[in-house]
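**Q** Chain by chain, the residues:
There are 2 protein chains.
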Amino acid sequence: MARRAITGFSNPTVKALRALRDKKHRKREGRFLAEGLRLLTDARESGRLPQTLVMAEGRDPHPLLAAIEADVQAGGGDVIETTPDILSKITGKDNAQAVLGVFDEWNTSLEALDREAAQIWLVAQALRDPGNLGTMLRTGDAVGAGGLILIDDCADPFSAEAVRASMGAVFTQAIAQATWAEFLLWLRTGKGQLVAASLREAVPYRGAPYAAPCFILVGNESRGLPADYEAVCDLRVTMPMKGRADSLNAAVAAAVLAYEVLASFEA
Amino acid sequence: MARRAITGFSNPTVKALRALRDKKHRKREGRFLAEGLRLLTDARESGRLPQTLVMAEGRDPHPLLAAIEADVQAGGGDVIETTPDILSKITGKDNAQAVLGVFDEWNTSLEALDREAAQIWLVAQALRDPGNLGTMLRTGDAVGAGGLILIDDCADPFSAEAVRASMGAVFTQAIAQATWAEFLLWLRTGKGQLVAASLREAVPYRGAPYAAPCFILVGNESRGLPADYEAVCDLRVTMPMKGRADSLNAAVAAAVLAYEVLASFEA
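These protein sequence lines are chains A and B, in that order.
Under the working numbering, the first residue of the first sequence is numbered 1, with each subsequent residue one higher.
Under the working numbering, the first residue of the second sequence is numbered 1001, with each subsequent residue one higher.
Extracted from the complex, chain A is given alone in its bound form:
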């Protein structure tokens, strides 16, 4: 199958791709955008190929991009060549990258997670900021976590901002979405320590008795975790707060805690 060229701003494909920036359309179509050769390469190395590859005319040739294009063609996917302006229109950014992939969303149910596959899992409750969510995915990759479990009404992990902030980890970390009740039921059917990053009565995070698989739970950016959620956790830990503020950025709290848990497992 050859490349096809799109040169018109009002082309229906352009409109359909552009609509994927909007969550409602993304969910209806079950597809999302990932921009840039680096993300696409991360995806490929994680076994994920775009169903549609969009490339800018006049881009610099690159062997990795050629490899992705060959794979997409071999898999029966769509390869589109278009102008940099139309790419910018699709992504909504002035300086769009020269390449864009459209991926099918996937949905990992809790049941599909192998909790024994990793010592650390990150869990976010009602996390609203897609940048924070992407940063948690990136941190999860760094500490060797198995994945990120999204509880209650979180930001969309497939939004452009989350995908970008994840630096490719959206393709490598498992992602599951569940209600609190579903998560608790699943968690208690097997091994697993649930650790809350807490502002309330809690033990110091440093040297706390972590146990694998350890599920590190952080709450909403403004409200933190509901008290009744914290109450059923196996361990509530807190970080020193030396200044005027009473909390850390949620993604920062998750990272400080995750690196402490990792260090305790490696000690």
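Just so you know, these hints were derived from the structure itself, not from any lab.
Please note: incorrect hints may appear among the correct ones.
[What the hints assert, rightly or not] Derived Cβ-Cβ restraints for the label pairs, each shown as a range:
#1 B:1095 with A:59: 35 to 43 angstroms
#2 A:88 with B:1094: 18 to 26 angstroms
#3 B:1185 with A:62: 36 to 44 angstroms
#4 A:88 with B:1234: 43 to 51 angstroms
#5 B:1104 with A:88: 31 to 39 angstroms
#6 A:104 with B:1232: 47 to 55 angstroms
All residues carry an ideal CB built from backbone N, CA and C; glycine is no exception.
Dock chain B against chain A, hints included.
**A** Leaving out everything else, chain B in the frame of chain A:
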């Protein structure tokens, strides 16, 4: 001095305040916006009052807001009452908070910093994301850092996004801006260990020989620190990277490192 009312979208004060969302105007005027009662309260408790206070009609009365208004009036500042729609126009957000302060920017030179006043200082080099910058300020507050030193061309700490992400720490942490050469010259005139969060040859961050005052340096989001910058650091440390990615989010790296340094000083 009484409150004055502004009811027209085309009022020159509205235009002038709205223009402060733009960096160029902010720098020309030396003023910036901080939104919401919480930020204004943090500012007041840190000894900083807005020169202009803008409040929405129909807001809920609040004793803290009344106290800020009284202070602003006593200090000869301007108090404006306007419609929620005009407040939204100024901030560019659909759901603007009911109160907004306009603050004079301040400029802490390196010479004004008392390096002995804190055991930890954060240093950012060419950090481009204002959210990361604000998050570093917030983390600095949490670990009891003295402040944040911005090297080379960083995002503006007085941008709306940085102010918001700092959660008030923009008012409590010292902020200095300098070139790399200026910073090095200043640093070497006194006590101070310069520690780079490094991707290159480095010792494990855990248990490294940190010494106070410790200056924790993180680099640009895409490029990290220049090799020649790292070369003159006293210590290069690295965090475990268990996954595919080779780096952490800059604000996350600074936080993980800062909490390790804090723990080593308190051990």
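**Q** If a hint holds in the structure, say so; if it does not, say that too.
**A** Verification of the supplied hints:
no.	hint	result
1	B:1095 with A:59: 35 to 43 angstroms	40 angstroms, holds
2	A:88 with B:1094: 18 to 26 angstroms	25 angstroms, holds
3	B:1185 with A:62: 36 to 44 angstroms	42 angstroms, holds
4	A:88 with B:1234: 43 to 51 angstroms	44 angstroms, holds
5	B:1104 with A:88: 31 to 39 angstroms	38 angstroms, holds
6	A:104 with B:1232: 47 to 55 angstroms	48 angstroms, holds
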